[in-house]
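Residue strings, one per chain:
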Amino acid sequence: MSSNDTRFDRQIRFAPLGEVGQARLQSSRVLLVGTGALGGVIAQNLVRSGVGELILCDRDIVELSNLPRQVLFEDRHAAEKCPKVSAALETLSRIGGPTKLRAEACHVDAENLPELAAGVDLVLDGTDNLATRYLINDWSVSEGIPWVYGGVVGSGGLVMPVLPGQSACLRCIFPDPPPAGSLPTCDSAGVLAPAVGVIASMQAGAALRILCSEPNGTEPSARSLAAMEPKLLQIDVWTGSMLAVDASRRPGCPTCDLREFDFLHAPGGRDPVILCGRNTVQISGSGIRPDLVAIAARSVAFADEVINLGVLLRISVEEVVLTLFPDGRALVEGTDQVDRARALYDRYLGA
Amino acid sequence: MSTPIPCTIELPGMITVLLGIRSVEVTASTLAGALQAAYEKEPALRQLLMDESGSFREHVLCYHRTAQGAASTRWMATLNVPLTLGDSILIMQAVSGG
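Order-wise, the sequence lines are chains Y and G.
With our numbering as the guide, the letters of the first sequence map in order to residues 1 to 351.
With our numbering as the guide, the letters of the second sequence map in order to residues 1001 to 1098.
Treat the hints as calculated values from the structure; they're not laboratory data.
Quick reminder that beta carbons are idealized off the backbone N, C-alpha and C, glycines included.
Where hints are given, some of them may not hold.
As the list claims (entries may be wrong) - Far from chain G by the CB rule (all over 10 Å, computed), these chain Y residues:
#, residue
1, Glu19
2, Gly52
3, Ile95
To be verified - Residues on chain Y that point at chain G, a partial pick, calculated with CB under 8 Å:
#, residue
4, Gly151
5, Leu233
6, Pro254
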């Protein structure tokens, strides 16, 4: 028995995966967008399972408050303000095994996603914002490549594999992204490490099944020929509840039925702009008007200062000031780093 | 008009945290009636689920669960759907954290 066979013996013994499935895993290429909480658990699972190539993307740096749930990072990464992809690459490399790792420190957008995802068999969602998820969904459906949505906040979250042409895409379920600030985020509402572990593990489980299956979703083993039936799964580790609902395609879905890829073809005018000499970055919103009153009320729990002037909302947090306008546009004062500004916008203004 | 029957409206984790309840028990004969009864019982629920026009917010999903499965109200022409004994309503919402 080769060292490779020995290494993966226990998962090869799992009949629905088997030697054929393992061979497929080891010849697969996967893009993981985000290497923080969900992404860290997913990455560990995929590397330990022996996927062929894993492309890691993240725009953020490691912070002390990440450590309770972001399993790839340590104190020293936070102290050194290490880019998350660099720290992830270091930790994952120590695991060993056949997986080829590639790290890209960048914000994934419509411009670079096609290049980052070129030739992949699967995209995995470890992001912290819905805008990137709608972009991944557009790309996935346009190219016919599966992806696995996962989101976590508080004590639970959602998981849904998207198999283009076979199951619901994100817009079949949530046709349009909500306005900025309408959803709780991990930074505004908190999050528990076990919730991250469960949601990310469900994503990783779906990933293994997709990667080792026939293109039609049939498992490689003759013992079980049942095709994968994607569900939208809601899990809560605090209440111990797990609910699954059907994730069928929706006729008329703008993405997977009408093939209108609005997020992939969004005009560049929505890109962040560094305001020269002001140590400020302007972030364009989704175009949907945010509820400033509701966001102000919620922000009191985590912000150093919240000022609602009616026509704009100012939130002081993490040594920056976020100024949110009624059209969803925001100024992030206190940084000239576009990726940090985007991360803070998503973290505190949500969606 | 059919006879009102008991129906449970199950809430997702974050709404549970905000309202301090995991579900709302109502008695109604239709889906619309059950939701209206829930809003009367828990007024804060309406603002969490509905926008100013009375539609479900973009990030909110409402499923009518029956013995045959769960159907999203997003694709229903009307919420005046009769309830039968054993039906329940499941609320879910998009999750952006990660």
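Least C-beta distance between Ile95/Y and chain G, which was stated to exceed 10 Å: holds, 22 Å
Gly52/Y remote from chain G - nearest C-beta pair above 10 Å: holds, 24 Å
Interface exclusion of Glu19/Y relative to chain G, criterion Cβ beyond 10 Å: holds, 33 Å
Evaluation of the interface hint that places Leu233/Y against chain G, nearest CB under 8 Å: violated, 10 Å
Hint check: 8 Å Cβ-Cβ cutoff, Gly151/Y to chain G: holds, 3 Å
Interface hint outcome for Pro254/Y [beta carbon to chain G under 8 Å]: violated, 14 Å
In summary, the structure is inconsistent with hints 5, 6 from the numbered list given earlier, while agreeing with the others.
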